[in-house]
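> Chain residues, written in single-letter form:
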Amino acid sequence: MAPQPPSDSDQPSLEAAHSPEGVDLTVIRWMLSMTPAERLRVLDRHIRSVLRMRAGIPDPGFSGDPENPDHA
Amino acid sequence: MRESPTPDFLEILRILTTHKVDFLVVGGVCAVLHGAPLSTFDLDVVHSRKPDNVARLLAALEALDARYRFPTGQRLKPGASHLSSPGHQLLRTRLGLLDLLGVVGANRPYEELVASSVEVEAGEGVRIRILDLAALIRIKEETAGEKDRAVLPLLRWTLLEKLAARRPPPEPQPE
Chain A
39 MAPQPPSDSD QPSLEAAHSP EGVDLTVIRW MLSMTPAERL RVLDRHIRSV LRMRAGIPDP
99 GFSGDPENPD HA
Chain B
178 MRESPTPDFL EILRILTTHK VDFLVVGGVC AVLHGAPLST FDLDVVHSRK PDNVARLLAA
238 LEALDARYRF PTGQRLKPGA SHLSSPGHQL LRTRLGLLDL LGVVGANRPY EELVASSVEV
298 EAGEGVRIRI LDLAALIRIK EETAGEKDRA VLPLLRWTLL EKLAARRPPP EPQPE
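Chains as they are written, first to last, in the numbering used here: chain A, 39 to 110; chain B, 178 to 352.
In case anyone wonders, no lab produced these hints; they're calculated from the structure.
Remember, it's a predicted structure, so these values are computed and weren't measured experimentally.
In this text, a Cβ means the ideal position worked out from N, Cα and C, and glycines have one as well.
Some hints here could point you the wrong way.
Unchecked claim - Computed from the model, here is a short list of chain B residues facing chain A with C-beta under 7 angstroms: (1) Val209; (2) Pro248; (3) Leu253.
To be verified - Below 16 angstroms or equal to it, Euclidean Cα-Cα: the simulated EDC-like pairs (lysine to aspartate or glutamate) are: (4) B/Lys254 <-> B/Glu239; (5) B/Lys339 <-> A/Asp82; (6) B/Lys197 <-> B/Glu323; (7) B/Lys254 <-> B/Asp276; (8) B/Lys227 <-> B/Asp199; (9) B/Lys339 <-> A/Asp62.
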C-alpha cells in the first residue's frame, strides 16, 4: 500500500525508524540532511566501495560513518 | 564481457553541460540527488531530440568516447538518427554507463518533462536539471516494470519525509 500524505495526526509515525512496509526512514532523513552535491558524492563512494569489494580490495576511502561520509 | 570503468557521474554531467546539451537527469541518480538512499551504476538522461541539440549531444558523446553496450565488445557509436528517435540508447563511456532516453514513462519527451523539473548543483559548480521527485514517482508508476515498482516505496517515503521536513513546527500551546 502506498504511504498516505502526512497529516498532523500522523506526525509521530513519521518519526519512526521504519515505514510500515519496512523502508528505513533514518537513512532517508540522513540523505535529506545533505545537499544534492553531497548526496552524489555518497553515491560515488558507495559505488567505489561495491566495486572494490567485488575486486577484493579493502576500501580506505569510506569511513562508514554516516555522520561524516566524506572523511575516512 | 568488457568491464565498465568506475562511474564518474559528475564528470559526465559536466561534459554534457559544457556542450550545452538540453537534458534532464531521471532514474536512480535523479532519485539520489533528491535524497533517496539507493544505488545505481548508470546515469539515465532524457534529452531534447531537436536537431541542434542532437548535434551538441553527438559532440558531447564524442568527448565521452561513447559506444553502444554490446556484450560482444562490438564498438558502434550512436548516430544522429538514433538520438532523434524515441528509443533508449544504452551506452558505455570512458566515465561510466550512460543511458540516453528519447522518451520515458507514457512516451513523455524532454519538452513535456522539463516543466516538471528543478535545477540543482550536482557539485563543483555543475548545474543541471533533474525531474522533480513527484514526477519521477509518476514516471516509475507509468513504467511499472518490476525494478521500478521495487523502488517506489523508497521514493514515496523520501517525498513524504521531504514534505514533513518543510512543514513549520507546531505553534506552542499556552499553558
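> Compare the structure with the hints numbered earlier in the document and write down the numbers of the violated ones, lowest to highest.
Going through the list in order, the structure violates hints 2, 3, 5 and 6 and respects the others.
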